[in-house]
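**Q** Chains A and B are the protein sequences, given in the same order.
Once you know that position 15 of the first sequence is 15 in the numbering used here, the rest is easy, because the numbers rise by one and skip nothing.
Once you know that position 33 of the second sequence is 430 in the numbering used here, the rest is easy, because the numbers rise by one and skip nothing.
Read the hints as simulated data drawn from the structure, not as lab findings.
Quantities reported herein were computed from a predicted structural model and do not represent experimental measurements.
Think of the CB as a built atom: it goes at the ideal place given N, C-alpha and C, for glycine as much as any other residue.
Incorrect hints may have been included.
[Unchecked claim] Estimated spans, in silico, between C-beta atoms of each pair: (1) B:Asn-508 x A:Thr-127: 53 to 59 angstroms; (2) A:Ser-251 x B:Glu-500: 51 to 57 angstroms; (3) B:Thr-633 x A:Leu-207: 46 to 52 angstroms; (4) A:Leu-207 x B:Asn-460: 53 to 59 angstroms.
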Amino acid sequence: MKIKNTILFSLIATFFLIFLVSIWKILATLQGLTIKTFNIEIIFIIGFLISLFHLIFNDKIKPIYKSIIFSSLFVIFDGYLIQKLPLWYNVGTFLIIYFFVSKINKYNFTNLKEEHSTQVILFDFLTLFGILFFSFVILFPFYMMLVTSFKTQIALLVNPLDFSINFGQGLKDLFNSYFVIFKSYNFGKYIITSTIVSVGTVIITLLFAIPAAYAVARLNFFGKTFLSTSILIIYMFPAIVLVIPLYTIFSQLGLRNSIEGLLIVYTATTLPVAIYMLQGYFKSIPKELEEAAILDRLSWFGIITKIIIPLSIPAISSVALYVFMIAWNEFLFSLMFLDNPNSFTLSRAIQYLSGDAETPRQYLMAGSVIVTLPVLFIFVYFEKYLVSGLTAGSVKG
Amino acid sequence: MANIKFTGVHKSFGSNKIITDFNLLGKEDEFLVLVGPSGCGKSTLLRMIAGLEKIDEGEIFINDQKINELHPSKRQTAMVFQSYALYPHMNVYENMSFGLKIEKRPKEEINTKVMQAAKILKIEELLERKPKQLSGGQRQRVAIGRAITRNPKIFLFDEPLSNLDAALRAEMRVEISKLHNQIKTNMIYVTHDQVEAMTLADRIVILNQGNIEQVGTPEEIYNDPANIFVAQFIGTPKMNILEVKEENVVSGNTIKLLGNDIQFNDLKIKKSKHFVGIRPEHLKANQNTKFTFNPEIELIENLGNEKIVYIKKDEYQLSAKIPSNVEIGSSIGFDLDDIFIFDADGKRVKQ
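Work out the full structure: start from the sequences and follow the hints.
**A** Pasting the structure below:
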C-alpha cells in the first residue's frame, strides 16, 4: 500500500508540476521568448524525483531549505544545462517550483500509509488544478485587455502578440488611450448614462420586488400559487424574441433612444429573478417576528421597512448586485433601442467604436477596461453585505 | 385588572375543527393556565385572544368589551412567544422599547418603563446587547420584558419555557410566579407541561381536542379529577387505571378488585363495566392500609429520594411511588379515600 501510494502521489504531483511549468512556458513564449522544446520528459523525470526525494528527506531538512534546494536544482537543469534561458524566466521557474514544493510539503510517508490517502491527494491537486486553470482562463483575457490598452499604436502594429507592458514610456503615454477615449470619444457621458440606467434599474426593481416578494412569501391572495409559479415564465422567452415587437412598440411610443425606455425593459427582465430570490429569503425569516411586530402596532408597511428589510440586507444586496450587473453589461436591448450616440450606454458605445474600422484597438481595450472595473469594485465592496446569519438570536434555532 | 370571557368560541382550519364551543369566565388578576396534549388547540386559543388568528364563531370579551374585530394592537394584551421572537437587528433596549416608540410616546416615559421592566427582570446590564449575544434564559427574560413595557391588561404566554433546559426552566418558572405576585395582572399561560401548570396556576383549564375537560384550582384538579383524562394528565407517573368487569361489581356499593372486596360508603355503582384509579403515590408498602394485595415486582427505578416500582397483579400493570428508604415487602396497600371510580365512558362516579 505504501509503495503504491508513494508512486501515485509522485505521479499526481509530477503532472501538476508539468501543468504549472507548461503554463509558465506558454506565457514566456507569448512574451517573445523562443523556447525550442518543452522538454516534457525531462520535467517529468525531475518532477518525479523531486516528489520522491521530498518524501525521503521529509523531516531531515527544514522545509524552506528544501524548497530552495529543489527549486535551484530544477532551474539549473531546465534553464541552464538543457537550454540557455534568460534570468527573468528562471526566476519565474524558481518561484513556481518553490510554490510547488511548499504545496506538497504536508505529505509524508506517515499519511501515505493510510488507505484513502491517494484519494485525498487526488482531490487536493484537482482543486488546485481547477483553481489555477479557471483563473488562467478568466484572468488571461482580462490581462490581454489591460496590456493592449497600455500600448501605443506603433507597438501594437509591430508585434500584436507582445504581452509585456512597457513601463519605460512614462505614465502619460501609458494611460494615453484612457485620456483619448474620455476626450475624443465622450466616454464620460457614456459612463454617466450607464450609471443612471444601472442604478435606476436597481432602485426601481427593488421598489417593486420587495413588496411583491413579501406578498408572495407571506400574504394569501387570489391566484397566489399561479403568480408565484409563473414568475419565472418570462425567462422562457429568449430576449431576441421580445426585442423586435418591443422595438415597434417603443418606436411608436417614442421610447427609443431614451433612458426611460431602457429602464422599463431592464426592470421587466430583472424583476422576476429579483422577486424569486427575495421571496425565498423572506420565507426564511421567522413568522413570529412579524407577529411580534403586529402586536407592537406595526402596519404592513412598517413590518416591511422596519423588520423585513433590515433583516434581509444580505439578500437585498445580492439582488441589487445581480440587477446592477445585468443592467450594466446588457447589450442586446441597448443595441436595438439606442442609435443616437447621445444616449449610448457603455456597452453600446464600445460596439459602436468597434464597428468603426478606424478606431485603434488600444482605445477599444481601454473602453472595455472601463466597463469592467466598476463591476469589479462594486462586487468587492458589496461582498461584505452578503454574509448570512443576520437573524441569529431572534428565535430558538 | 381585567377579566376575560369566552362565549361559544369556535375555530377550525379548513375541515379540521380545532376548538368547538369554548366557554370560560376568567377572574380578575388570575393566573390562568391552559394545559393539554399537543394539538388540543391551546395555542390557537391564545393566538385568538392576541388577535393573530381570526375567531370563526362566538365572542371573546376583555372587560366586557368584545374584541373579535379589534386590531391586535388595541386589545391591550402582550404575548411572549415560545421562540422569543426578539428583533435580531435591535439591541435589548430597542427590543423592549419598540412598541412604545411606534406609539410615539415621549422619550422619558419610554425610558422609565424600560428601566422598570429591566429592573424587575434583572436584565439592566444586558440592555446594550443584541439578542444573539444572550443565553436562552436571558432571551426569554427580554421577551417577557418587552411584554411588560407594553403595560398590558392581559399577559399571554405561549409555552415560554419549553425551549429552555430543565434547570433553567425551573428557575424561570419561579421567576414568572414572582412576577405575577409583583405585577398583579391577568396572565394566560399555555403549556403542555403539567408541572408548570400545577405550580404556576391560580386555575387550570385542561383541554383535550378543543374541549374543556375540567377547570379548577390545582388542588381541585389533583384531588377531584372529573374524568380519566384529567386524572391521568396530572401527576407523574400517571394514575393507575384498572378496569373492573361487570361481574366484579358485586353490589350497588361493593366491587371486587385486586383480591379485595371494596365497599364504598356513599356511592351507587351500576352493574356495568367501571374503571378504578389509584395514584402511584397512594400505593404504600409496609404500612397499615385498609386493603392490601401481593403483587409481582417487575422493575424498580430509584430516583434517589423515592423509587418507582412497576408491579403486576392478575391482569393489571401498576406503578407505585414509595420513599426510597422503605423496603418493599410482599404486600402493597391502599386506602378507601385514595380510590377514584370512573364509569365506562371515563366520567367520574360521585355520590
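**Q** Compare the structure with each hint and give your call.
**A** Comparing the hints with the structure gives:
Range check, Asn-508 of chain B to Thr-127 of chain A: about 56 angstroms between beta-carbon atoms, so the 53 to 59 angstroms window is met. The supplied range of 51 to 57 angstroms is met by Ser-251 of chain A and Glu-500 of chain B, whose beta-carbon atoms lie about 55 angstroms from each other. In this structure, Thr-633 of chain B and Leu-207 of chain A break the distance hint of 46 to 52 angstroms, their C-beta atoms being roughly 58 angstroms apart. Separation of Leu-207 of chain A from Asn-460 of chain B is about 44 angstroms and departs from the stated range, judged on CB atoms against 53 to 59 angstroms.
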